[in-house]
Amino acid sequence: MFGNILIWFVIIPIIMMAGLGICRNSSMNAIRTVMTVCSTALLGLAVWLCVWFLDLRAAGDTAEMLFTGSWMWYEPLNIQLAIGVDGISVLMIMLSAIIVFAGVFASWKINPLPKNFFLWFALLSTGVFGFFISIDIFTMFMFYEVALIPMYLLIGVWGTGKKEYSAMKLTLMLMGGSAFLMLGLLGIYWHSGPEGQLTWNILEIAHNGHIDPSWQRLLFCLTFVGFGVLGAMFPFHTWSPDGHASAPTAVSMLHAGVLMKLGGYGCFRIAIYLLPQAANELAWIFIILTGISVVYGAFSACVQTDLKYINAYSSVSHCGMVLFAILMLTQTAMTGAILQMLSHGLMTALFFALIGMIYGRTHTRDIRQMGGLMKIMPYLGVCYMIAGFASLGLPGLSGFVAEMTIFVGSFEHTDMFHRSFVIAGTCSIVITAVYILRVVGKLLLGPVQDEHHLQLTDATWFERFSTVTLIVAIAGIGCFPNWINETIQHSFVPIINTLTQAAI
Amino acid sequence: MDYSQFSAMIPELIVLGIFILVFLFDTFASESARKADGMLTTVLFGLGTVAICFTGCLPQECFGGMYVCNSVSFALKCILNIGVFIVLVQSLQWTDSEDMKMRRGEFYELLLATLFGMYLMISARHFLLFVIGLETASLPLAALIAFNKKHYESNEAAAKYIMTAVFSSAVLMMGLSFVYGLSGGSLYYNDVAAAVANGEMSGMLIVALAFVLAGIGFKLSLVPFHLWTADVYQGAPTSVTSYLSVISKGSAAFAFFVIFVQAFGAVYPEAWEWMLYGIIILTITVGNLFAIRQKNMKRFMAFSSVSQAGYIMLGVIAANAIGMTSMLFYILVYIFSNLGAFGVIQAIGNKSGKLNMDDYKGLHKSNPWLAFAMTLAMFSLAGIPPFAGFFSKILIFTSVTASNSMALYMLVLIALINTIISLYYYLLVVKAMWIAPEDPVVPAFRSACSERFGMWICVAGIVFIGLVSPIYGWLSEMSNLDASQLFAWLG
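Chains as they are written, first to last, in our numbering: chain U, -6 to 497; chain R, 7 to 497.
Only chain R is shown next, with the shape it has when bound in the complex:
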């Protein structure tokens, strides 16, 4: 075996290295030293992120083509790493509490393990490796969701999550077994793509695709596979919810793109464009309509993230290089905006335990900076310029209309009308914070250093990512490098 192939896996190896270090430290350090678990992981992870971003990647296929190291997956890994870093920073205050004393280390270990799984999902070019990655990513997440083990909701959420995760994996594997049978006994994306292009698969292909779509749809919480989302988001500890809503979603969306475009691209208009078309409309609309009624901020963010997943999927239905770029850009912006919102929710939750939208009334009087950060996050999620969300939305819409097909224009119109609905409920939060005449419910407090640091990163991202266009330029360059490979089979 050629061990030099492992050089392509530098991001995975770095995560694995940090995982082992943290594990050893947590096992052998004294009880007082273990307080530093969080800080250690965060600092190591930050350094690792910098190392990954600057080493770059040498495009190559490894392990017989099962694993690929290419520009887009590298770009996405950088983006996810930044997101995980913010999640880690934001979680420091929470894991510092007395209640967490005995299981501080596990939190970080499990988190890194899921990230490792997601990396595999992103880079897999063989369905087997993809499934292994998916499972590595989902199972530790269930443990993370149950992390507030003394809370009933947290356990309930974990049970719900594990059930749906297992169920969706079963559905996915059912679909993959069809694919295996129909492709003549290969699970390599390229072999499947060749078989699809030769027209050897028909009839059953639609069924297989539907199963695969449903299986990944569960992970992405696309409607109608979203029913677990609200309960799980509400029950899970806020750090885990924020992780689940951005990192897990981002990696699954990318894997979705690669699978559908690279492996099933040849049957894009016949087999899955219309399926995805319907699912996007449902996802955006249902997510938005349900978000309007939510009173609990975490449930609210859950439905908002359902509809945001629909917007991310627009990049897939565009099925072109601009779509790929815009999707990556959307994920990046979404990470900053959503984590900004979750940062505020968490800061307030840690301090006062208040999680309802009504508790945010008058927030600008007691905590103007938190209200400010939340306002920016809400504006960015709603797609208001000059904040980053505007650019990510308009760029993804641009990519969808590229083919000038009237049906896709209609889709964009529906998505645009939905942004108005989403603006309504995002403004409800702004209204509670700035306009409601009541006296503040949450007393004035100074949030912890780490929380403020996390929030400043998010605010800076929200303000600057859109205005600093080279970021998009870089992503575009990355997707163009892989375009020939990704879109080889697109009809």
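This is chain U alone, in the form it adopts within the complex:
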């Protein structure tokens, strides 16, 4: 069991928790050491996995999932701990490792109760990694919920503003989503195969193709809504602005950067892949909803004055785009969706990290009370601009590649319905430019608004470390999207095949 590289993505966070358990609450250095060592190990492991995976693919291994392994867990119900990765999950694991790594440095000076903070943080990462390596829907769902609940305490204890309200709202809404999801998954299980051969394994369910179309429709709605809540799909997005605005920096980073991707990934891997007929039939309902998210999120961001709210609404818009692209059910659009997940994950993490750093200095997040920060803290200012440009889709950065691919792929549909929604979605790019440039202009350029700000210092070494990691990744995707394309292209084959078969 321990010979499988994937299982270590879950074991390392557990070691992290055990290590923290030994540390004393007061010894900040010990806590930091544990966190740095373990998160570096995770990042290293992720890079190693990536390289290994590409090697295997280059050597001609075309299996759907690599590094597979499965161990019986609850035998009477055939529940297994089944793991495996394809190109998409490899990239998601990579993304999570980068953001966990950056998040540790972004919360270098967390206060109070640093030990407890990192304990819950480690539990959150266990859930995230576990989710991406699972190919058994039971374990996948378990890790999904493991990732949700630490948010309550992380926001409630270490958050800012109206944190109690936001934490409760976020937790209850996400758990509400997972209630629908659980019912959907139970339905999938009980229809997964002929009597006596029921299974929770995603690959087996997909190959059996046993789920009756009338049930598929119901289950598709349940699972898509369930994951869609976490993907901030309209009208279930309301937890996102409040939750992100109240969360401490590292948690916003991890939540917007990785956790919201759990929603997109789940829709893709479970709702679309396992229920292809219903996906073909019912995609239009959710295209409408996600189309609204894309445009509505962007417009809402235009009128906000709190930096975190702006970014949270922009996340609604960008994550809406992920789901929107997935629902187009074409390979190009889906490639774009994966690119957008990566791109949004990185740049929104960078945004939240920077906002946290700026807030830590100015003690305000209201853009009306700040100005000319470029003169005072040039490093942070430049980083903020880079994040902004990535967000509005400047070529050379990740956002351009992702959005371009999505819209090109979506335009493959020639009917009126799809076309009109794609055009509306494309408009959101312009609106994004409006709110990003507005913030950059207000916050970074122009006259200094508050005299006290003149005394503020620029980024410290650990802050630079955190941001540079993210910027390198963003520029990497922007300049070498082919590399990503190669990693994921095989992964779409089975999904597109099932979808076309189901359409006939």
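Be aware that a few hints might be false.
[Claimed, not checked] Using 30 Å as the maximum straight-line C-alpha spacing, the simulated DSSO-like pairs for lysine-lysine come out as follows:
#: 1; chain 1: R; residue 1: Lys437; chain 2: R; residue 2: Lys357
#: 2; chain 1: R; residue 1: Lys357; chain 2: U; residue 2: Lys108
#: 3; chain 1: U; residue 1: Lys155; chain 2: R; residue 2: Lys360
#: 4; chain 1: R; residue 1: Lys107; chain 2: U; residue 2: Lys162
#: 5; chain 1: R; residue 1: Lys357; chain 2: U; residue 2: Lys155
#: 6; chain 1: R; residue 1: Lys156; chain 2: R; residue 2: Lys301
#: 7; chain 1: U; residue 1: Lys435; chain 2: U; residue 2: Lys102
#: 8; chain 1: R; residue 1: Lys107; chain 2: R; residue 2: Lys155
#: 9; chain 1: R; residue 1: Lys371; chain 2: U; residue 2: Lys108
#: 10; chain 1: U; residue 1: Lys102; chain 2: R; residue 2: Lys41
#: 11; chain 1: U; residue 1: Lys155; chain 2: R; residue 2: Lys301
#: 12; chain 1: U; residue 1: Lys162; chain 2: R; residue 2: Lys301
#: 13; chain 1: R; residue 1: Lys360; chain 2: R; residue 2: Lys437
Hints listed in this document are in silico derivations from the structure and should not be mistaken for laboratory results.
With chain U's structure known, arrange chain R on it following the hints.
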């Protein structure tokens, strides 16, 4: 008479033996030696539990089929024994107090007597024996509830309990008398089942079933028969409340399963599926909604346990082997989670007398370990992974959806939405302990050795029961062994 039949009753005999030993010791030992009452009972009971778990059981019917020793009832007895052991450990500190000097022994004797009654309920396959077990279980409980005899609330609670217990027994026996009449003069579960399957009972059967359901519903505090719960839980000494909420509930739920599935299984869809359907929805929802408003921790736990009883009943409405297994598993997990919560309530109550949720504010600053244990217990009760409660909930939901009937999917959906409501109020406790900015109300203290021991057992259970799947596997094996017998009459 064939005395070898008594070998099937080893669990009962062990409990009875400990009861007699404790009684003799308490009667004849000197006053100073009687301090050891609690420790003696706990140690003996622990040894007895180990003995029961390892002797296993040889499935057989005894006493003309009135009493049965089979795998599932054996499994449940093991589970209940573990629960009672934790309750005993947790009660040591309380019975050690000066106030309890004169009646320490009685507490343990009465507790064992009720357990004996519950064993009979579990193993009965004849309604007469079932009723005897039920009464043996309820009457000593009334005395236990009144155990803080100088407290007004405790007496009031006991009075309320005895009234409802007697009333519900009367209702139950009314129902059984109908059953007796309609089945042609037999109270054996199998005879009743045969009569039901032959269609000899109709019309009146619904009435009879409603009475039986109401009678047992009182014991299980199903809505609308739950009205005594909150007052009794609040008034009773905390050790008794924890006993009442897990052990008494677990055994009644199992008896409910056996009676309805084995004796009335043939009329499952016609006669009682819909009754139970409505009652489950009411129980879960009403329990949850009332729990939100509670300020007193014991009342809070009372309503939480009302709604948890609804979840346990999901195993009955599933009416299949997975349902049986999942119900046993749910009871096991529920024992650990609920006793974990009650352990903390009791530790704080013993030390400072504080029982309100507001008193838990800032607890993590003064007593981080208690806050930690309580948090785990709350998460487990709410069904949050990786804690055991998640597994017990999802497994019981899985069992209900097994028949793929749309109505049962709806039921699961309602139950799932209710878990969100329950998450809200469980998080209120977590919020009070970790998030509320106030200075701690409860001063820092070191809880007694026994209390810490009890809590560690519960925490270990909460963390590991779900992850260690062979436990579920074992329960599944046990229920499959008896499946043919249990589900013989299911339509």
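Against the structure, the hints:
Between Lys437 of chain R and Lys357 of chain R the CA atoms are separated by roughly 22 Å; this keeps the pair inside 30 Å, and the hint holds. Simply put, Lys357 of chain R and Lys108 of chain U have alpha-carbon atoms about 28 Å apart, close enough for the 30 Å limit, and the pair holds. At roughly 29 Å between alpha-carbon atoms, Lys155 of chain U and Lys360 of chain R fall within 30 Å of each other, so this suggested pair holds. At roughly 50 Å between alpha-carbon atoms, Lys107 of chain R and Lys162 of chain U are farther apart than 30 Å, so this suggested pair is violated.
With a C-alpha separation of about 34 Å, the suggested pairing of Lys357 of chain R with Lys155 of chain U is violated against the 30 Å cut-off. For the given pair, Lys156 of chain R sits about 24 Å from Lys301 of chain R by alpha-carbon distance, which is consistent with the 30 Å threshold. Taking the CA atoms of Lys435 of chain U and Lys102 of chain U, the gap is near 28 Å; set against the 30 Å cutoff, the hint holds. Our distance criterion of 30 Å between C-alpha atoms is met by Lys107 of chain R and Lys155 of chain R, whose separation comes to about 13 Å.
The straight-line distance between the Cα atoms of Lys371 of chain R and Lys108 of chain U is roughly 14 Å, inside the 30 Å bound, and the hint therefore holds. Using a Cα cut-off of 30 Å, the hinted pair Lys102 of chain U and Lys41 of chain R is violated, with the two alpha carbons roughly 53 Å apart. Only pairs whose Cα atoms come within 30 Å are accepted, and Lys155 of chain U paired with Lys301 of chain R is accepted, the gap being roughly 23 Å. Distance hint between Lys162 of chain U and Lys301 of chain R is fulfilled; the C-alpha atoms sit about 21 Å from each other, no more than 30 Å.
About 17 Å separates the Cα atoms of Lys360 of chain R and Lys437 of chain R, which keeps this hinted pair within 30 Å; it holds.
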